[in-house]
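Visitor: Listed below, chain by chain, are the residues.
There are 2 protein chains.
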Amino acid sequence: MLLAIAFLRSILRNMKDPLLSLPGYSLRRAASAMIAELSARLAAIDLRHTEASVLILVNANNDLTASALGRKLDIQRANMVPLLARLEAAGLLYKEPLDGKSHALLLTDTGKAKLKAAMAIITSFEGDLIARVPEQHRPHLQAALNALWQNG
Amino acid sequence: MLLAIAFLRSILRNMKDPLLSLPGYSLRRAASAMIAELSARLAAIDLRHTEASVLILVNANNDLTASALGRKLDIQRANMVPLLARLEAAGLLYKEPLDGKSHALLLTDTGKAKLKAAMAIITSFEGDLIARVPEQHRPHLQAALNALWQNG
DNA sequence: TAATGTTGTTATGAGTCATAACATTCCTAT
DNA sequence: ATAGGAATGTTATGACTCATAACAACATTA
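Residue numbers (my numbering), protein chains in the order written: chain A, 1 to 152; chain B, 1 to 152.
One or more of the hints may lead you astray.
Since copy identity is lost for identical chains, a pair holds within one copy or between any two.
[Unchecked claim] When the alpha-carbon atoms are kept at most 35 Å apart in a straight line, the in silico DSBU-like pairs for lysine-lysine are as follows:
1. Lys16 to Lys101
2. Lys101 to Lys116
3. Lys95 to Lys112
Since the hints were derived computationally from the structure, they do not count as laboratory data. Since the model is a prediction, treat every value here as computed from it, not as a measurement.
The task is simple: from the sequences and hints, build the whole structure.
Guide: Put into C-alpha cells, the structure is as follows:
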C-alpha cells in the first residue's frame, strides 16, 4: 500500500521528465556526471581517466601487450595507438619486444609515480562517489552495475 | 566470516584487474555497454538515443524551448543546434515562436509516430536491462544511480 | 609448408561534449 | 522609461571517445 503510493508519487513527479523512470537514462547520466568529475580531478595531474586505467592495468600485469590491454578495457586495438603514444611521449611507459610482433608494456619510474598520484585521487574520488548513495542501496550498487556488463 | 571470505576471494579474483573493484569504473563500463546496445536497437528506426530523449521530453512538455530542453538533458545550448536541426530536417519536430527570441518545440505527426516506435524499443530494452540484474539488487539500482547525479 | 589468425599501425568518420564569441531580445532595478 | 545585465539562439572550433576498414609483418596450426 505504501509502495503503491510511493509509485504513484514517482509517476506524478516524473510526468514532465519521463526519463527519470528509465534505468538506462539514469545510468547514462550518472556515468557522465561521474566521468566529468573524475576527469576534472585527474586533470590536476594531467591525466585522463582512460590513461589512469591503462597505468593501473599495466602496473598489475606482466607482459601485457597493447592488444590484451585493449581487450580488457574494451578499447579497439586501433584506438590504443594514440592512447599509448601519449603515455609514452609523457615518459610514463615504454615497450619491450616480446617476440617479433608483440610488445610488453611497462611503467617507467615516472609512470609509477604518476600512478601513485592517480590512485590517491581515484581512491578519494570513489569514496566521495559512494558516500552519495544512501546507505541501504550502497551494498547493491557495485554488483548490480557489474551484472549489467560483465559477461552480459 | 562468510563476508570476509567473499571479500578475500574478490581481491584475489581482481588482482590482475583492479578496476573491477572501482564502482566508478563499473559505472562507466555498464553505461557504455548499455548505450552501445540501445543505440544499436534504435538504429533500426534511424534514431540516436539522444534524439529519442529529445522526442520524449518535447512530447511531455508544453512550450519547451531549446535552452530549457538542453538544461534538462544537460546538453549545452550550442550543442542543441545540430541535434534539433537533424530532427527538424527529418520532419520530426518544428518550432513556433514564443516571443521575439524563444521558440517552442513541437512534435509533428511523423515525430509522434517515431516517438511511439522509439518507446516500444526503449521499453523492451529497459526490461532486458533490468532482467540482467540479480533480483536482490534490482530494487536498489535506480535509486542508487539517481543519487549519483541528481542534485549531486 | 600452407592456411589462418594475431599484432601493431594508419587513416578516417561519427557522436558527444566544452568553450568562446556574437547579435538579438528579454527582464529588472533604478 | 531606460540602462545594464541576463537569456536565447547561433556559428565556429577543438578535444575525446569510439567504430571500421585496410595493410604488412609475424605467429600458430593443421
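Visitor: Indicate, hint by hint, whether the structure satisfies it.
Guide: Taking the hints in turn, this is what the structure says about them:
1. Lys16 to Lys101: between (56 Å within a copy, 23 Å between copies)
2. Lys101 to Lys116: within (31 Å within a copy, 52 Å between copies)
3. Lys95 to Lys112: within (15 Å within a copy, 55 Å between copies)
Checked against the numbered hints above, the structure violates none of them.
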